[in-house]
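Let's have the full structure, built from the sequences with the hints guiding it.
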Amino acid sequence: MAAEEQVELEESRKQEILALDAKVATANHFEFLGVPAGASPDEVRSAFREASRKFHPDKFYGKNLGSFRQRLDRIFKRLVEANQTLTDLEKRDAYLAANPFIRAAARAVSGSNPAYKPEPKTETEEARDLERRNRLARHPYLARATKLQEFVSRAKAHVEKQEYSQAFTNLNNAAQIDPNNAEVKALLIDVRKRADLSRSESSYAHAMEALNRGDTDLAMQALRTAVNANPLNHKAAAKAASLFEKSGDSREATGFAQKAVEAAPTNVEYRVLLARLLEASGMKALAKKHFEEASRLNPDHPEVKKHGKKLWPF
Amino acid sequence: MAAEREPVIGIDLGTTNSVVATVQSGTPVVIRGRSGSNLLPSVVALSKTGKMLVGQIAKRQAITNPTDTVYASKRLIGRKFSAAQTQDALKGLPYTLEVGDHDDIRVKLGDKAYSLPELSAMVLRELKLDAEAHFGRPVKKAIITVPAYFNDGQRQATKDAGRIAGLEVLRIINEPTAAALAYGFGKNVNGKIAVFDLGGGTFDISVMEIGNGVFDVIATGGDTFLGGEDFDNTVINWLAADFQREHNIQLKADRMALQRLKDAAEKAKIELSTAKETQINLPFISTPQGGGSALHLQKTLSREKLEELTAELVARTITHCEQVLTEAKVKPVDLREMILVGGMTRMPRVQEAVKQYFRRDPCKGVHPDEVVALGAAVQAEALTNEAADVVLLDVTPQSLGVAIAGGYVRRLIPKNTTVPTSVTEVFNTSRDNQTTVKIMVLQGEADVAHQNELLGEFILTGLRLAKRGEVEVDVTFEINSEGLVSVSARDKETGQQQSIQVTASGGLTQDELKRILDEQADLMLEARVEEEVKAKRVELKALMNEVSELMPQLQKATQGSEFGQDALAKAKQALETAKVASEATELKRVTDSIDTLTRTVSLFKGVLQRIGH
Chain W
15 MAAEEQVELE
25 ESRKQEILAL
35 DAKVATANHF
45 EFLGVPAGAS
55 PDEVRSAFRE
65 ASRKFHPDKF
75 YGKNLGSFRQ
85 RLDRIFKRLV
95 EANQTLTDLE
105 KRDAYLAANP
115 FIRAAARAVS
125 GSNPAYKPEP
135 KTETEEARDL
145 ERRNRLARHP
155 YLARATKLQE
165 FVSRAKAHVE
175 KQEYSQAFTN
185 LNNAAQIDPN
195 NAEVKALLID
205 VRKRADLSRS
215 ESSYAHAMEA
225 LNRGDTDLAM
235 QALRTAVNAN
245 PLNHKAAAKA
255 ASLFEKSGDS
265 REATGFAQKA
275 VEAAPTNVEY
285 RVLLARLLEA
295 SGMKALAKKH
305 FEEASRLNPD
315 HPEVKKHGKK
325 LWPF
Chain X
2 MAAEREPVIG
12 IDLGTTNSVV
22 ATVQSGTPVV
32 IRGRSGSNLL
42 PSVVALSKTG
52 KMLVGQIAKR
62 QAITNPTDTV
72 YASKRLIGRK
82 FSAAQTQDAL
92 KGLPYTLEVG
102 DHDDIRVKLG
112 DKAYSLPELS
122 AMVLRELKLD
132 AEAHFGRPVK
142 KAIITVPAYF
152 NDGQRQATKD
162 AGRIAGLEVL
172 RIINEPTAAA
182 LAYGFGKNVN
192 GKIAVFDLGG
202 GTFDISVMEI
212 GNGVFDVIAT
222 GGDTFLGGED
232 FDNTVINWLA
242 ADFQREHNIQ
252 LKADRMALQR
262 LKDAAEKAKI
272 ELSTAKETQI
282 NLPFISTPQG
292 GGSALHLQKT
302 LSREKLEELT
312 AELVARTITH
322 CEQVLTEAKV
332 KPVDLREMIL
342 VGGMTRMPRV
352 QEAVKQYFRR
362 DPCKGVHPDE
372 VVALGAAVQA
382 EALTNEAADV
392 VLLDVTPQSL
402 GVAIAGGYVR
412 RLIPKNTTVP
422 TSVTEVFNTS
432 RDNQTTVKIM
442 VLQGEADVAH
452 QNELLGEFIL
462 TGLRLAKRGE
472 VEVDVTFEIN
482 SEGLVSVSAR
492 DKETGQQQSI
502 QVTASGGLTQ
512 DELKRILDEQ
522 ADLMLEARVE
532 EEVKAKRVEL
542 KALMNEVSEL
552 MPQLQKATQG
562 SEFGQDALAK
572 AKQALETAKV
582 ASEATELKRV
592 TDSIDTLTRT
602 VSLFKGVLQR
612 IGH
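Here the protein sequences line up with chains W and X, keeping their order.
Residue numbers 15 to 328, in my numbering, belong to the letters of the first sequence in order.
Residue numbers 2 to 614, in my numbering, belong to the letters of the second sequence in order.
Calculated directly from the structure, the hints in this document are not laboratory data.
Keep in mind that this is a model prediction, so the values were computed, not measured.
Yeah, the Cβ is synthetic: ideal placement off N, Cα and C, and Gly gets one too.
The following label-pair restraints were derived from C-beta to C-beta distances:
| # | chain 1 | residue 1 | chain 2 | residue 2 | range |
| --- | --- | --- | --- | --- | --- |
| 1 | X | E458 | W | P55 | 35 to 43 Å |
| 2 | W | P193 | X | D475 | 13 to 21 Å |
| 3 | X | N213 | W | R158 | 34 to 42 Å |
Dropping the structure here:
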């Protein structure tokens, strides 16, 4: 659409402008200036000058450019920003630190120079580095990155202390700063899992405690929570199944028993429990299948034997 | 073709002198004034008979009319009345200043108070007339230079002056940058250069890199209250102090005496650039109050003494140089050339100091008084002529920021950023249910808000009700190619847009500007040109008649010959063109047609004579 606009521009220049304008939002500073990642400030500056010869708004003074006027403005301002950032050493460091991918690319380029070996740093240099890092951390460019790192490290500390909900909050904050950060994403999944596991365990403990006090209702509720939080918590599932069996709710009991068996397929007790419940509710064929599985797992189990006799058709 | 283009001019609107230049067939040239001089004194006066005088004649009558003669108005343009610099300047000025409606400065001439843009416009109009006399047609488009260190308010006021003078100001550019343009234009210069510009009122130092027609300013700095006027003032003070010691009379309190001292001081200073010693003679400078014979002032000023008096001023220029070179991360040895601009750089002591600091002889190829106007003309050409391969990457001389809590400044665009540029900053509400946000825009380098120049303040209203910090407003600060600042704001959530032109709080408002423009409908010159066109049209019609009469005769005489047919065809064509031209309003087309027809007539007559009719 824009390409067909009638403006006082040569076709080739129009295409150049459109191509560069498309890069305004996506390209990094090096790419935008058309220099290799990690190009020196001098290279950056001369690239900027070359680009200015083409795209400085003054080059099109008083011309009818239509929508291209805005595009040019955008392009030139972005060029200025890129030049300003990459030629000022402090800003450049901050920019590279905030964009580790560019830094890595820059390293890969400069890494091809095997002669370069960093000198070991003296104590004062180390101190100065630390001071500089601290100063950089306050720089607006880095503030985001610093903040993100802060959230992540706080989250990790909380994970260590098993305070998963706090860890979760911190990670959520981090994700808001940079939703695409892979580390944060992975941590979030991990923490969610761990938080579920720990909740499941604590609910189970809670349930046992309630059971000791004789509060069966609360215990059943807690066990349900434990199983929901972690479907693999077979202890909780089995316990819930037997409690529901006792209370006469065979449907719930069967459900939990099923979960327990799924979580721990090799446990004979669970199989037997499930089989018994199924049998009681009239699902003979299924029950038989589970009894057979149980007998295959442990033919010496007393209940299996008992049932085996009963079911044995011959 | 080049001549067909509308003429554009470059104007160096100086503190003491102004110059106008243009680019003619690829070369920048200074346009000589109608009075025969290249320099027009930037002086405006109201004569005793009530006439407005501009330039040399205004300067000449200054001694007898000190209270109604305005010089060095550039030092006050765009400033606030309450500013410390204004109050300082007030003490040394023979003319009367008044405070305007919004803390701006007005100059009282007769019974009317003039704003500074109006006064500068009178100088600009004079230069415009000079240019029109040169081109023989109206000149509308101009570039005006300002000291690099001018802030937004001063730039805006200068632009207003241009508009009042009836000029379309294509661009405001920086004087040192203009000087570099003039220096580097048409030469294949590559490398870093420094421009040291010590003019009548201001000092600028800029470091830039030139390569392939790109003029890239790296850093710029200066002082808008350091120039030739200050050198004159040290001499005036020295003379006045001496006189007081001797006769116990305050010469500076007497406006007429002050004006004479000023003239004498400037003259002595200029003479000491070439001579070792000069006499200052001011007979009858004062009469003692109790009667008695008139007193005369007679002093000898040596170059040494002048250098001693002004040593501090010279040292200040070097301090600025050091600072700007540090900012540019350039050492004096890295520089390829050092350009001196401004009349004050003729002073031997200044040249020595510069030589000592930069460790090189300054460039000899540029004329310190004219180079800025020439550069402005180059830039005007570059903007209006595609073929000119020049790009100017100028920078903003001062940082732009906003006032934040505690009276501090948050800097958003640092000084020496290439313009045009913009930055977007998010502002939050700081109270629950806050519906307005006030943003104060500041220019300057001080960390404390009130020590910077307040460009303006604006209030964002109608923010939605929400908890503190929840409403986020995107504020975009923009500096355009002229160093002028604009601000726009947008509520992030609702997208509600607000745009604010930061108008300097001390300048003319839009309404005032409009009123001034209306008042003085600047049609006089155009009317004059129109009359000229009318007269030429009459001449053209007479010629057309003559050619039409000659044509049948010629046809008879040259019957059938090839040459005759050819000549007749051409003559017919010329007549056609002339017919169109006779309706045209442009002087150029009419005169061109007259030329063609005159040639045709003389050709016809020549042919007829030879054939023997």
